[in-house]
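**Q** Sequence:
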Amino acid sequence: MDFSARKLLVLLLAGTGALTGASMALGQGDGSGTDNPDLLRGSLGVGCQPGTLCQFPATDLVVPVALPAEPLPLIAPPPVTTEAPPAAPAAEPMPAAMTAPVSTDTADWGELGYGVALRGAYVRSGATERFEMLAIPSVSYSRSGGRTDLALDASATLVAPQSDDPRVGATNVSTDIVHRLSPSAGLAFNADLSLSQDAPDGLSTEEADLASAPVIVSGTAGLGYTHRFGNFTVTGAGEIARDWVGEAVQIGGTVIDNSHEASTRYGGELRVGYELTPVVGIFGQGRAGRTEFDGIDPDLGASRSGDDFELRGGISANWSDVLILEASVGSGWRTFDTDAVPQAQTWVYGASIGYRPTTTTEFTASFDTELTPGQGGSGASATYEVGLDARHRANSWLALRASAGAQWVVPEDGSATSRSYSAGLGADFTLGQHTTATLDYDYGLREDPAAAVASRDEHRISGGVSLQY
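Letter by letter, the sequence shown follows residues -25 to -1, 1 to 444 in mature numbering (1 follows the signal peptide of the UniProt record, and there is no 0).
For the record, the hints were derived by calculation from the structure and aren't laboratory data. Only a predicted model underlies this, so the values are computations on that prediction, with no experimental measurement involved. Treat each hint with caution, since some may be false.
Here are the computed distance ranges between Cβ atoms for each label pair [what the hints assert, rightly or not]: (1) ALA429 <-> ILE215: 32 to 38 Å; (2) MET108 <-> PRO158: 49 to 55 Å; (3) GLY270 <-> ALA292: 41 to 47 Å; (4) TYR324 <-> LEU400: 26 to 32 Å; (5) ILE271 <-> ARG122: 44 to 50 Å; (6) LEU373 <-> TYR324: 33 to 39 Å; (7) THR252 <-> MET108: 52 to 58 Å; (8) HIS367 <-> GLY194: 31 to 37 Å; (9) GLU222 <-> LEU406: 41 to 47 Å; (10) VAL255 <-> THR103: 50 to 56 Å; (11) ALA166 <-> GLY438: 29 to 35 Å.
The beta carbon of each residue, even a glycine, is placed where N, CA and C say it ideally should be.
Full structure from sequences and hints, please.
**A** Written out as structure tokens, the structure reads:
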């Protein structure tokens, strides 16, 4: 089967599955409900991250996005970037335990929260060390009730190094809207705009002797629709994303142009799930997208613009929201506009487990595969990501956190594999109604044969106080 035929097969199977699911559901009756609706997962899933569990409200309204309502929601580890090793946690957000705003008890107007975290950090990378002061202001607004739920969040991390100029380590503005069209159908919209800049010798930088790392701006917007037909759930979503990468400046004043890394991505996804029992379900999904880069990659000598397709099938299970499982397997294809970069195909796998024995303890683990446009002098790359996360609230004044992650980027042309690892421990101490103290240790390691510094690690110890109203 040639490549064009395989692309057509992906689209036909995805569309046929949705139509078949809808038609069969009309003869199934209402069926039995479950707390684990089969909704989107993967890179285009509105409200879900690749390889992670999607947590939704315990209601009979099936909607594609949920707003967390409990102090310790079942969440998954933060996703690792697919095109570059993760940045050092120089711009670390406030722990989840501190971000919930205090209710204003005004249901008609919603809840407004605002606060600021002040932190000090000691960072050691190789033989060098530095001290940083961080200020993290944040504001949030949420409104629930009626047919529409709304959440707005904004935060910024301002970093003042001991010897360098202050910088904006990260900013983020996001919105999530859920609208219930009927008891069996819902719309969801989310948008996110973020800006980040790592330290000159941070884990995400590939060049050596930098005076300033590039500024990265990313924006995404996604729309999803879910409809339940008896035991079937059909979900469709579309997304558009834009990434912009600024210039890097070396100590000698040399400017490194990164404009070729800027790209625009758009695509869609369709998923059909069927509940075998109130606990176990199966699903199939197809995805198609396109990524357009602004320029030619100087390392590759060609543009990485092209199309990608993916087809997966899997099984999911939910035991009373205590144990949630999902596993999938499928195939991904990627083509490029230029013949200089060969097309690629690989098997893709995904698995996720969430365990919450009590309302104060939770564990999550995830594994996922994605076929990316690649980086450096190679073409497409298969990216494998593993994440672990644990949270426990010991009592009313102490909450503990731990996480670990790993990523392997394997070029399809057999070039050298790059790897990155991360681990962290943290504790939150509640000092008062609005005051929380935090203490964290984070470690990161990146091994990339194509980077100017092939191996780079970082230890970070940070602590501070947060005020939240």
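**Q** Indicate, hint by hint, whether the structure satisfies it.
**A** To see whether the hints hold, each was checked on the structure:
The hinted range of 32 to 38 Å is satisfied by ALA429 and ILE215, whose Cβ atoms lie roughly 36 Å apart. A C-beta distance of roughly 51 Å is found between MET108 and PRO158, which places it inside the suggested range of 49 to 55 Å. Hint check: GLY270 to ALA292, Cβ distance near 46 Å, so the stated range 41 to 47 Å holds. At about 29 Å, the CB distance of TYR324 to LEU400 agrees with the hint of 26 to 32 Å.
The hinted window of 44 to 50 Å between ILE271 and ARG122 holds, with their beta carbons roughly 48 Å apart. Range check, LEU373 to TYR324: about 37 Å between beta-carbon atoms, so the 33 to 39 Å window is met. Checked against the hint of 52 to 58 Å, the C-beta distance between THR252 and MET108 comes to roughly 54 Å, which is consistent with it. Checked against the hint of 31 to 37 Å, the pair HIS367 and GLY194 passes, with Cβ atoms roughly 35 Å apart.
Restraint check, GLU222 to LEU406: a C-beta distance of roughly 43 Å satisfies the suggested window 41 to 47 Å. For VAL255 and THR103, the Cβ-Cβ distance of about 53 Å falls inside the hinted range of 50 to 56 Å, so the restraint holds. For the pair ALA166 and GLY438, the supplied restraint of 29 to 35 Å holds, since their beta-carbon distance comes to about 33 Å.
No hint from the list above goes unmet by this structure.
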